[in-house]
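Chemist: Please work from the sequences and hints to get the whole structure.
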Amino acid sequence: MADTTQTAPVVADHKPQTLQNGKPRPPSRFQQLNKLYNLPAPLRTFPLPTFVPHNPLSLFHILYVWLSHTIKRPSSHFDILYQGLFSPETRSVHVTDIRSIRGLWEQGFFGKGTLSRSEPSWLNREKTRRGDKAKTTSEENTRKRRAERQQTKWERARKEREAIDQTLLEEAKHAEVHVEALSHDDVAVPTPIDAGIEGNAERAESAAQQLSVPTKVELVAPIGPLELLALPNALAELDTCTEGHNFDVDCLAEESASHSIDRFHTPPIGPLELLALPNSLQSDINLRENSKHFATPTNHHPTLLPMNLKPLPDAKMNGNGLLTSNAFGINSHAKTDDLEIVGGSETNDDTVDESIHSEETTETNGTPPNGSVLSNGGPSTPKMKRQKSVRFSPTVEKTTFLQSEPPSPERAAIGSSSVEEEPLVIKTQEHLQLMLEEAFFLSYALGAISILNTETNAPISNRDLFYLFRKTSYFPPQTNPSLSPDDPFMMNYVVYHHYRSLGWVVRSGIKFSVDYMLYNRGPVFSHAEFGVVILPSYSDPYWTSDPFLEKYSKEKQQRTWAWMSCINRVITQVKKTLILTYVDVPKPLSAQEEQDLGIDGALARYKVREIVMKRFAANRMRD
Amino acid sequence: MADVDEDAALRSSQPTANDETELGDEFQDFRFLAALTAKSGGQLPKRGEKDFEPHGTKHQDGILSASRQAMHDALSYTRVHTSKQYNRAFYYGEEGLPRDEVIREDWRQGLDDDHVILVESDKGPHFKTMGKTNTGKRDPGIWLLPEEALYLVERGNLDLWWPSRSSYTSVVPDEDNTDMKEKVDTQDEVDEGFPMSLQAAFSMLIGQDGERGKVSLERYTVYAHLKRMGYAILRASDWDVTQPGKPQSHQVELISEPTSAFSWLFGKFFAEKEIQHSQYGPLVKPGMYRSYNSIYRQIAVIPRHKPNPNPSAPAPIPNDPYRVVFLLWKPSRLPTFAKSNPGLPDFRVAITDARSTCVPSLGQISSLLESTPWAPPKGSEFEGQGKVYQRLKNGWRNVVLAVIDQGVISYLRLGEVAFGDERMYERFDAGGNSGSKRGGGAGRGGRGRGKGRR
Numbered sequence: 365m366a367d368t369t370q371t372a373p374v375v376a377d378h379k380p381q382t383l384q385n386g387k388p389r390p391p392s393r394f395q396q397l398n399k400l401y402n403l404p405a406p407l408r409t410f411p412l413p414t415f416v417p418h419n420p421l422s423l424f425h426i427l428y429v430w431l432s433h434t435i436k437r438p439s440s441h442f443d444i445l446y447q448g449l450f451s452p453e454t455r456s457v458h459v460t461d462i463r464s465i466r467g468l469w470e471q472g473f474f475g476k477g478t479l480s481r482s483e484p485s486w487l488n489r490e491k492t493r494r495g496d497k498a499k500t501t502s503e504e505n506t507r508k509r510r511a512e513r514q515q516t517k518w519e520r521a522r523k524e525r526e527a528i529d530q531t532l533l534e535e536a537k538h539a540e541v542h543v544e545a546l547s548h549d550d551v552a553v554p555t556p557i558d559a560g561i562e563g564n565a566e567r568a569e570s571a572a573q574q575l576s577v578p579t580k581v582e583l584v585a586p587i588g589p590l591e592l593l594a595l596p597n598a599l600a601e602l603d604t605c606t607e608g609h610n611f612d613v614d615c616l617a618e619e620s621a622s623h624s625i626d627r628f629h630t631p632p633i634g635p636l637e638l639l640a641l642p643n644s645l646q647s648d649i650n651l652r653e654n655s656k657h658f659a660t661p662t663n664h665h666p667t668l669l670p671m672n673l674k675p676l677p678d679a680k681m682n683g684n685g686l687l688t689s690n691a692f693g694i695n696s697h698a699k700t701d702d703l704e705i706v707g708g709s710e711t712n713d714d715t716v717d718e719s720i721h722s723e724e725t726t727e728t729n730g731t732p733p734n735g736s737v738l739s740n741g742g743p744s745t746p747k748m749k750r751q752k753s754v755r756f757s758p759t760v761e762k763t764t765f766l767q768s769e770p771p772s773p774e775r776a777a778i779g780s781s782s783v784e785e786e787p788l789v790i791k792t793q794e795h796l797q798l799m800l801e802e803a804f805f806l807s808y809a810l811g812a813i814s815i816l817n818t819e820t821n822a823p824i825s826n827r828d829l830f831y832l833f834r835k836t837s838y839f840p841p842q843t844n845p846s847l848s849p850d851d852p853f854m855m856n857y858v859v860y861h862h863y864r865s866l867g868w869v870v871r872s873g874i875k876f877s878v879d880y881m882l883y884n885r886g887p888v889f890s891h892a893e894f895g896v897v898i899l900p901s902y903s904d905p906y907w908t909s910d911p912f913l914e915k916y917s918k919e920k921q922q923r924t925w926a927w928m929s930c931i932n933r934v935i936t937q938v939k940k941t942l943i944l945t946y947v948d949v950p951k952p953l954s955a956q957e958e959q960d961l962g963i964d965g966a967l968a969r970y971k972v973r974e975i976v977m978k979r980f981a982a983n984r985m986r987d
Numbered sequence: 022m023a024d025v026d027e028d029a030a031l032r033s034s035q036p037t038a039n040d041e042t043e044l045g046d047e048f049q050d051f052r053f054l055a056a057l058t059a060k061s062g063g064q065l066p067k068r069g070e071k072d073f074e075p076h077g078t079k080h081q082d083g084i085l086s087a088s089r090q091a092m093h094d095a096l097s098y099t100r101v102h103t104s105k106q107y108n109r110a111f112y113y114g115e116e117g118l119p120r121d122e123v124i125r126e127d128w129r130q131g132l133d134d135d136h137v138i139l140v141e142s143d144k145g146p147h148f149k150t151m152g153k154t155n156t157g158k159r160d161p162g163i164w165l166l167p168e169e170a171l172y173l174v175e176r177g178n179l180d181l182w183w184p185s186r187s188s189y190t191s192v193v194p195d196e197d198n199t200d201m202k203e204k205v206d207t208q209d210e211v212d213e214g215f216p217m218s219l220q221a222a223f224s225m226l227i228g229q230d231g232e233r234g235k236v237s238l239e240r241y242t243v244y245a246h247l248k249r250m251g252y253a254i255l256r257a258s259d260w261d262v263t264q265p266g267k268p269q270s271h272q273v274e275l276i277s278e279p280t281s282a283f284s285w286l287f288g289k290f291f292a293e294k295e296i297q298h299s300q301y302g303p304l305v306k307p308g309m310y311r312s313y314n315s316i317y318r319q320i321a322v323i324p325r326h327k328p329n330p331n332p333s334a335p336a337p338i339p340n341d342p343y344r345v346v347f348l349l350w351k352p353s354r355l356p357t358f359a360k361s362n363p364g365l366p367d368f369r370v371a372i373t374d375a376r377s378t379c380v381p382s383l384g385q386i387s388s389l390l391e392s393t394p395w396a397p398p399k400g401s402e403f404e405g406q407g408k409v410y411q412r413l414k415n416g417w418r419n420v421v422l423a424v425i426d427q428g429v430i431s432y433l434r435l436g437e438v439a440f441g442d443e444r445m446y447e448r449f450d451a452g453g454n455s456g457s458k459r460g461g462g463a464g465r466g467g468r469g470r471g472k473g474r475r
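Top line first, the protein sequences correspond to chains A and B.
The first sequence begins at 365 in my numbering and counts up one residue at a time.
The second sequence begins at 22 in my numbering and counts up one residue at a time.
Where hints are given, some of them may not hold.
[As the list claims (entries may be wrong)] Below, simulated SDA-like cross-link-like pairs (lysine to any residue); rule was C-alpha separation at most 25 angstroms, straight line:
| no. | chain 1 | residue 1 | chain 2 | residue 2 |
| --- | --- | --- | --- | --- |
| 1 | A | 939 | B | 443 |
| 2 | B | 306 | A | 447 |
| 3 | A | 951 | B | 324 |
| 4 | B | 327 | A | 966 |
| 5 | A | 951 | B | 336 |
| 6 | A | 920 | B | 433 |
| 7 | B | 306 | A | 814 |
| 8 | B | 306 | A | 429 |
| 9 | A | 920 | B | 326 |
| 10 | A | 951 | B | 441 |
| 11 | B | 360 | B | 133 |
| 12 | B | 144 | B | 358 |
| 13 | B | 399 | A | 981 |
| 14 | A | 920 | B | 325 |
| 15 | A | 918 | B | 335 |
| 16 | A | 978 | B | 365 |
| 17 | A | 436 | B | 309 |
| 18 | A | 508 | A | 520 |
| 19 | B | 327 | A | 965 |
| 20 | B | 351 | A | 986 |
| 21 | B | 360 | A | 984 |
| 22 | B | 153 | B | 214 |
| 23 | A | 971 | B | 321 |
| 24 | B | 306 | A | 411 |
| 25 | A | 918 | B | 426 |
Source of the hints: derived by calculation from the structure; they are not laboratory data.
Modeler: Below you can see the structure in the form of structure tokens.
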């Protein structure tokens, strides 16, 4: 929440005007902030100057200030109050004039810009967008930071990918040597063992069964539980296996792997290629299923076998999308297409369709604009018309993922020309919105704002405001004038007032799953440290005096532990501390009694208790 | 397992990851077990990178199978019980031979009602923190509480037996008891009873809270979990749910500062005027204010909580389930721990069931907190302006609440705080207002801005 752009350095070095090279140093960022956010509330104070004992003249200074204050008493309140408009539709108070907006934001961080995250900075952003680099806003900085982070992530993913590819290549080379050594062995039967490379020998075996290609005599389907148990679980185990057929399977897999790597493999380095990588195992499975589908016809039509077997290793390898970029998806698809043409009438159309379905998304991903990857893709264009859903169009990818690239030339042209042609006259379209609690605090407690009725444009008195806000806090707003002491506005306002009156900057905590966030001095200076959750408490004997009230208050107090854990988890994750703020609700009063008490009397009847809640990590508290 | 270094996994991806965030305890790299048994000795290994999907390298497969093998080896390790560590105990609960029937009253002195397991000998390190010796007998035995016995049985440190009539005397021989001795002498073979299965131990010792000689499953789960982490645990005085909770017994003597005549006189003289507010008017009346202090004093209308070691209006006595049931001592304190004189505990634990109870109400939580001793944030680590956050986070009283949901425990630390004691507005006059002019309060320039943050 804290606008990190403006987060000042932690170490406060505040000796001003340190002379450096004879020139006065420009004020530091922190000094600027300090000057801008000088007032902690929209009220001024008039302190007397300090008395400096070794400078007797300071006494005169004090006397002078004191006298001038006495003769012409200045007011702590600004001469012209800030103004807000109560908007019943949005149940908030709108501040539209620029003086009030800046004033309320800079003096106590009240409100939020309607078009901004917190500080009303839309105008600045708009100016920057149109090419006037006047000032960077926090939103822009966040965006930049996000872009950088994204870039780093890409970079990291690329490195990881490269490392994996390196290992794969090495292993493949190793395997090749192995195969050569064993070349005298009769490995004539081209069993399409796809999954072997994935280290899933089980699947390889079952695939072999499924294809019913006469591989080896030893390959008996493992049907009994014992046989199933005896199946090797991992490739490593498989390696150590001494049985001949297993070994052969392995070798074959390795061979086909190296084969395909030599042919197709280019490490996916650019963000586009990385994007085209299968995102999850699911897509990989889709691919594999596809290739299975494609393999099944071989069972039914043994006559087609030689024809089908030729592209088989390629397609199979494509199915194994793990080591290849997704461009192979298209590749395999093209092959499927070929097959379909060749095997034509016999192929079950449904199956093929399904397989295409499963590949659609990846296929569209995999059509990068640079044609080099597509070089062996063959007739990929006719396939494009089959696609039904498009997740990313290539252009979107470009704008989304290549932040390092310069902006598109036409856009830049538009930006510059508009700047040159006309001077920047942008009408502010943003206003400041105040929560009801903020508005009431400003109006009732500080007396620093006057809130106008939108219709009559007349200021609303605090008394009317009090009831208006309480009524509005219900949804739909209540017309019933008898308001209970636990209406949403009261509960919130009591807590808001409590923390504000202690000098905390209180802001909405809805983005952090809590009611309020507490800032020390304000969001531009430091992050919020505390998240406040309001919990009602009905300890007054009135609330247990009859069964109906008892049930009512019990229901109001009830919170599940799951709810609590959610909040606690979120708050811990964002490095805040959770403060459970219990508000003890007094018993209701009649309208007359309440009027006699006044607002301060009514507020004084509530009690506020804070409980700090943290996760207790038992294994970290051992010493 | 969570205490294996988790930071290694976090270091690259999440520099901002919270130090309190625990990774799921369920993901384990079992290779570290192999490393433990290897020659390298007993140092804990680092946790490796987590792979999310197979990428087809043999290297990865090798790691996976090595991990599997390590797990297999760890699980197939043969545990050996040497006769040196063999401990036998007898169950004298309600459903076997009730303790109070078999054992003379004067021999039961110093025992709680729940001490129903008699241990033959106190071999092993566990009896440093467990068990109680009965008094009134020259040759006393060691008695265990149900949770202690069950924990040891579960670990394989204790062999629990059903006793026979003569078991007690065979465990704790006593010369005074001549007729028993005679009986033992006449019998050729002493009837020792017979062993109890683990299932039987659970069904005998797990029950409802308040049942004699039993412990509820929730409490046992928490006990066993904390015990496995190495804490020393004793029952708290509010253990028994059938008894009303005891009011706070740790009253603190407050040294009230003597008010001198001088301060009395001037205190009266300079006492702040009672602030009168107009009924609806702004709390800060228009006018001239010399400081923010005076402004903020105007708007303090809501009563603030002031923590007090001896609350003037004490909360009702703690009720089930929000009462302290276990006292905890950190493992690091074990070398000096003596169960007869344990000293002040480090933590106090209350236990609640996540499904049948709700988040405590203010009444429940304040009773629970008031049953714990006064522990204000004192000392050098809490002093100074920059330590506001630390003071507030520590609180003035604290308790650990174990929220248990079907055997899964979530520990929460609750603390009584008083934001009213930390007046943030007092700093406004010091620096914020004077700004670049730098009037007074030169020493308070920092305003503690962000200093409290980690």
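Chemist: Evaluate each hint against the coordinates.
Modeler: Going down the list of hints, with the structure as the test:
1. A C-alpha spacing of about 21 angstroms is found between residue 939 (chain A) and residue 443 (chain B), which places the hinted pair at or below 25 angstroms, so the restraint holds.
2. Note on residue 306 (chain B) and residue 447 (chain A): the hinted pairing holds, with a Cα-Cα distance of about 18 angstroms set against a maximum of 25 angstroms.
3. For the proposed pair residue 951 (chain A) and residue 324 (chain B), the alpha carbon gap of about 16 angstroms is at most 25 angstroms, so the pair holds.
4. Between the alpha carbons of residue 327 (chain B) and residue 966 (chain A) the distance comes to roughly 21 angstroms, so the proposed pair stays at or under 25 angstroms and holds.
5. Straight-line distance between C-alpha atoms of residue 951 (chain A) and residue 336 (chain B) comes to about 19 angstroms, which keeps the hinted pair within the 25 angstroms bound.
6. For the hint pairing residue 920 (chain A) with residue 433 (chain B), the CA-to-CA distance comes to about 23 angstroms; that is within 25 angstroms, so the pair holds.
7. Between the alpha carbons of residue 306 (chain B) and residue 814 (chain A) the distance comes to roughly 14 angstroms, so the proposed pair stays at or under 25 angstroms and holds.
8. The suggested pairing of residue 306 (chain B) with residue 429 (chain A) holds, with an alpha-carbon distance near 22 angstroms, which does not exceed 25 angstroms.
9. Our distance criterion of 25 angstroms between C-alpha atoms is met by residue 920 (chain A) and residue 326 (chain B), whose separation comes to about 23 angstroms.
10. For the hint linking residue 951 (chain A) to residue 441 (chain B), the alpha-carbon distance of about 24 angstroms falls within 25 angstroms, and the restraint holds.
11. Under the criterion of a C-alpha separation no larger than 25 angstroms, the hint pairing residue 360 (chain B) with residue 133 (chain B) is consistent with the structure, at around 15 angstroms.
12. Between residue 144 (chain B) and residue 358 (chain B) the CA atoms are separated by roughly 18 angstroms; this keeps the pair inside 25 angstroms, and the hint holds.
13. The straight-line distance between the Cα atoms of residue 399 (chain B) and residue 981 (chain A) is roughly 23 angstroms, inside the 25 angstroms bound, and the hint therefore holds.
14. For the suggested pair residue 920 (chain A) and residue 325 (chain B), the alpha carbons sit about 23 angstroms apart, so the restraint of at most 25 angstroms is met.
15. A threshold of 25 angstroms between alpha carbons decides the hint, and for residue 918 (chain A) with residue 335 (chain B) the separation of about 22 angstroms falls inside it, so the pair holds.
16. Restraint check for residue 978 (chain A) and residue 365 (chain B): the C-alpha separation of about 22 angstroms stays at or below 25 angstroms, so the hint holds.
17. Between residue 436 (chain A) and residue 309 (chain B), the direct Cα distance comes to roughly 10 angstroms. Compliance with the 25 angstroms bound is thereby established for this hinted pair.
18. Annotation: proposed proximity of residue 508 (chain A) to residue 520 (chain A) holds, straight-line Cα distance about 18 angstroms (limit 25 angstroms).
19. At roughly 20 angstroms between alpha-carbon atoms, residue 327 (chain B) and residue 965 (chain A) fall within 25 angstroms of each other, so this suggested pair holds.
20. In summary, the hint linking residue 351 (chain B) to residue 986 (chain A) is supported, as the alpha carbons are separated by about 5 angstroms, within the 25 angstroms threshold.
21. Taking the CA atoms of residue 360 (chain B) and residue 984 (chain A), the gap is near 24 angstroms; set against the 25 angstroms cutoff, the hint holds.
22. Using a Cα cut-off of 25 angstroms, the hinted pair residue 153 (chain B) and residue 214 (chain B) holds, with the two alpha carbons roughly 23 angstroms apart.
23. With a C-alpha separation of about 12 angstroms, the suggested pairing of residue 971 (chain A) with residue 321 (chain B) holds against the 25 angstroms cut-off.
24. Using a Cα cut-off of 25 angstroms, the hinted pair residue 306 (chain B) and residue 411 (chain A) holds, with the two alpha carbons roughly 17 angstroms apart.
25. Taking the CA atoms of residue 918 (chain A) and residue 426 (chain B), the gap is about 22 angstroms. The hint holds against a cut of 25 angstroms.
No hint from the list above goes unmet by this structure.
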